[in-house]
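Please build the complete structure, drawing on both the sequences and the hints.
Read top to bottom, the protein sequences are chains A and B. Numbering of the first sequence is given in UniProt numbering, commencing with residue 1 and proceeding in unit increments. Numbering of the second sequence is given in UniProt numbering, commencing with residue 1 and proceeding in unit increments.
FYI, nobody ran anything at the bench for these hints, they're computed from the structure. Be careful, since some hints might not be right.
[To be verified] Here are some, though not all, of the chain B residues that point toward chain A, as calculated from beta-carbon distances under 7 Å:
no. : residue
1   : PHE55
2   : LEU60
3   : TYR64
4   : ASP92
5   : GLY97
[What the hints assert, rightly or not] Output of the computed footprint for chain B on chain A, the stretches with three or more beta carbons under 8 Å from beta carbons of chain B:
no. : stretch
6   : 28-35
7   : 75-81
8   : 86-92
Cβ atoms here follow ideal geometry from the backbone N, Cα and C, with glycine treated the same way.
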Amino acid sequence: MAIEVRIPTILRTYTDGAKAVTGAGATLAELITDLDSRHPGIRARLVEENGELRRFVNVYLNDEDVRFLKGSATELTDGDQVTILPAVAGGAR
Amino acid sequence: MLTLTRELHDAILAHARRDHPDEACGIIAGPAGSDRPERFVPMLNAARSPTFYEFDSGDLLRLYRDLDDRDEEPVVIYHSHTATEAYPSRTDISYAGEPGAHYVLVSTAECGNDEGPFSFRSFRIVDGEVTEEEVRIVDTYGD
Numbered sequence: 001m002a003i004e005v006r007i008p009t010i011l012r013t014y015t016d017g018a019k020a021v022t023g024a025g026a027t028l029a030e031l032i033t034d035l036d037s038r039h040p041g042i043r044a045r046l047v048e049e050n051g052e053l054r055r056f057v058n059v060y061l062n063d064e065d066v067r068f069l070k071g072s073a074t075e076l077t078d079g080d081q082v083t084i085l086p087a088v089a090g091g092a093r
Numbered sequence: 001m002l003t004l005t006r007e008l009h010d011a012i013l014a015h016a017r018r019d020h021p022d023e024a025c026g027i028i029a030g031p032a033g034s035d036r037p038e039r040f041v042p043m044l045n046a047a048r049s050p051t052f053y054e055f056d057s058g059d060l061l062r063l064y065r066d067l068d069d070r071d072e073e074p075v076v077i078y079h080s081h082t083a084t085e086a087y088p089s090r091t092d093i094s095y096a097g098e099p100g101a102h103y104v105l106v107s108t109a110e111c112g113n114d115e116g117p118f119s120f121r122s123f124r125i126v127d128g129e130v131t132e133e134e135v136r137i138v139d140t141y142g143d
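In structure tokens, the structure reads:
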């Protein structure tokens, strides 16, 4: 099962500069674990120790933010595209 | 150093004043690798807050796809502080996810919605480290 994963600039240090990599997994959590096996360290940048997605990153399945799906338990299908983007946020507080 | 046209500088400032007391946010896109801010893209602050800003996640995806299609990148990422100084807060630093971008902060604490004193500063934020840089305003970038 092949899933294309779009990698943001800030995480390309883990992918030898590649803008997109391919991974596998029945869920987003499995996909991230699979990515980490070939790109060690990337998982820790994406998920907290409890497995929930970090609030500093947005992960999309095709056009949908996975927070509006099932988060890291979101199911994936062959041919899906996953896009990772750094959240753009901040503020005075 | 951030080199920016007067027109783009004024566009950021006008957006910040217009949205005061909420924080305003957006980017200036430029050709990938050029470090030249060219295309003003004001964004909606999905938090609509005087102390927080956030690009809506759907807007963010559309923005980055558009940048990709145009072979552009966010050269400047700007937002305003409406009651405090134009310096990155701890929140700003923890969220800063574009090491190649110039993070522009505008403070409208003094001017509010009106003409009047403001502060316009630019920073690099890389691995949690903030470095202020000079802002050079030009009429055009020339060749």
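Each hint, compared with the structure:
1. PHE55: This interface hint holds because 4 Å falls under the 7 Å limit.
2. LEU60: With a minimum Cβ separation of about 6 Å from chain A (threshold 7 Å), the hint on LEU60 (chain B) holds.
3. TYR64: 6 Å, holds
4. ASP92: 4 Å, holds
5. GLY97: Constraint on GLY97 (chain B) satisfied, holds at 2 Å.
6. 28-35: As far as the stretch 28-35 of chain A goes, the hint is violated, because 0 residues have Cβ atoms under 8 Å from chain B.
7. 75-81: violated (count 0)
8. 86-92: holds (count 7)
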